[in-house]
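Visitor: Letter by letter, the chains look like this.
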Amino acid sequence: MIEVQNLTKKFGDFTAVDAISFDVAGGEIFAFLGPNGAGKTTTIKMLTTLLTPTSGTLRIDGLDVSRNPNEVRKRFGIVFQDPSLDGDLTAWENMELHGIFYHMPRKLRIERTEQLLKLFELWERRKEQVKLFSGGMKRRLEIARGLLHTPKILFLDEPTLGLDPQTRNQLWIHVKHLNQTEGVTVFLTTHYMDEADRVAQRIAVIDHGKIVAQGSPNELKRQTETESLEEAFLALTGSTIRDESANVSADQMRAMARMWGNRR
Amino acid sequence: MKVIYILWLRELRRYSRSRAQLIASLGQPLMYLLALGFGLGPVFQKAGQGSYLQFVAPGVIAMTILFSSVFSGIGLLWDRQFGFLKETLVAPVPRIQVMLGRTLGAATVAVLQGCLVTIVCFIAGFRFTHLALSPLALVFMLLIACLFAALGTAIGSMLQNMQGFQLIMNFLVMPIFFLSGALFPLNGLPKVLGFITSLDPLAYGVDGLRSALLARAHFGMAIDVAVLVGVTIVLLIIGSRLFARIQA
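Protein chains in written order, with my numbering: chain P, -15 to 248; chain W, 27 to 274.
Don't take every hint at face value.
The calculated lysine to aspartate or glutamate pairs, modelled on DMTMM-like cross-linking and capped at a C-alpha distance of 25 Å, are [as the list claims (entries may be wrong)]:
1. K28/W x E77/P
2. K136/P x E98/P
3. K111/P x D148/P
4. K28/W x E95/P
5. K115/P x E142/P
6. K28/W x E98/P
7. K28/W x E55/P
8. K111/P x D105/W
9. K28/W x E112/P
10. K58/P x D105/W
11. K194/P x E214/P
12. K115/P x D105/W
13. K160/P x D66/P
Here are the simulated distance ranges between beta carbons [unchecked claim]:
14. V218/W x L47/P: 53 to 59 Å
15. V218/W x N20/P: 54 to 60 Å
16. I264/W x L47/P: 25 to 31 Å
17. F197/W x L47/P: 42 to 48 Å
18. K28/W x T36/P: 26 to 32 Å
19. T36/P x F197/W: 28 to 34 Å
20. S118/P x A252/W: 51 to 57 Å
21. L145/P x S42/W: 29 to 35 Å
Keep in mind the hints are simulated off the structure, nothing from the lab.
This structure is a prediction, so every number in the text was calculated from the model and none was measured.
The beta-carbon is built from N, C-alpha and C at its ideal position, and this holds for glycine as well.
Model the full assembly from the supplied sequences, consistent with the hints where possible.
Guide: Encoded structure:
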């Protein structure tokens, strides 16, 4: 379903993703793990047509991503790592916009919106502007929105960041259900190793832009002679802490927005 | 079509919800209208040009539309920073539709804003001289709004942060306003200034508005319409190219 060969992305001198190759089969749940700044999000951005690769080939459902971006976009859904909701619109309106973007029939869109907002316990607040929501609620809405149209491939970029255990559990149950009943291929990244261990059938570990190991959770544990996936991960990527550069300009703009009374 | 419509609706929804901004954005035109309209009135009268309030009102309306449409066009920058842009960029929708929906929405908001200021002008004492021509004023408002919303979207596609925004305000939007003849008559200007103003697309918008509201033309309505439509098309083409190239 996803075929990646020698994929490379350079930003100036810095190589964020360095000639990685991997395949994800249809109907598989695939976890892409790595420390901060390892190149996970850059890879997802290239897979989802947001960034053009410096070199290498990318195929999704047999289609070349750079040649048929629009066809590829029809085939996947994504939950982004950072916020991507419109704070001025209500929860319902955010869902409506998404459904229309993905050409969903009206009736189906309304049915599924109701079902998902209820599942993630946002139904009562559907008429409120999203900027009034708490962090956890926004996160839940992002996830509900990503699941609105049933894509062939679902990209989840650290979807459980900042969620309470109840919602995390709810999310993974739903994702597994989608995978089993509708055969949705899932490509996910997460920092919670227990989640990857629980849901993923196959895992690739990326560090410094290169894939350092690939296989099922058990294979990785065997390879590194460790008991848990967390230990295997640390054995593969070392225990140094990585820093990500802060997004100064977004912070500045948020400050501006607050000054103008637009809470986001 | 549905995508264009929903993005257009989004701009209107956002506009109707930011009441504070709506009122704040009336402050600046009001200041120009009252301070300049009444302040320069006597001098203008002495120079034999009639009422300055009458003269400047179409300029103030044009200014409102200019700022409002460029701002909402640049709203793209906010969407980029707050992440919503990504949602539109991964959607299986031709980017030209996304761009058109936004631009039309921004233009509609600007026209609404222009209508509000027209009402304010009325309260301040401005009167149409040719009522029959006044529907044309609405056409010119729409043309100005589309042109500068397209410009705003094109700029918004290139800018990465707020610093660039300041630069655009000071070196593009303000000159466009001051050189448009919104505040002074274009006839009898020094040659160089006259030439520069003839390159300013807003000059044709202001001229069109003044022709419609006061039957007082410099370039003539036909030229005004031709220039505004032509420049809008060029900007839409450039804008859609730039928008299609956005990477997140």
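Visitor: Next step is simple, just say for each hint if it's right about the structure.
Guide: Each hint tested on the structure:
no., hint, verdict
1, K28/W x E77/P, "holds, 14 Å"
2, K136/P x E98/P, "holds, 22 Å"
3, K111/P x D148/P, "holds, 23 Å"
4, K28/W x E95/P, "holds, 19 Å"
5, K115/P x E142/P, "holds, 21 Å"
6, K28/W x E98/P, "holds, 21 Å"
7, K28/W x E55/P, "holds, 19 Å"
8, K111/P x D105/W, "holds, 21 Å"
9, K28/W x E112/P, "holds, 24 Å"
10, K58/P x D105/W, "holds, 22 Å"
11, K194/P x E214/P, "holds, 19 Å"
12, K115/P x D105/W, "holds, 14 Å"
13, K160/P x D66/P, "holds, 23 Å"
14, V218/W x L47/P: 53 to 59 Å, "holds, 56 Å"
15, V218/W x N20/P: 54 to 60 Å, "holds, 57 Å"
16, I264/W x L47/P: 25 to 31 Å, "holds, 29 Å"
17, F197/W x L47/P: 42 to 48 Å, "holds, 43 Å"
18, K28/W x T36/P: 26 to 32 Å, "holds, 28 Å"
19, T36/P x F197/W: 28 to 34 Å, "holds, 30 Å"
20, S118/P x A252/W: 51 to 57 Å, "holds, 54 Å"
21, L145/P x S42/W: 29 to 35 Å, "holds, 33 Å"
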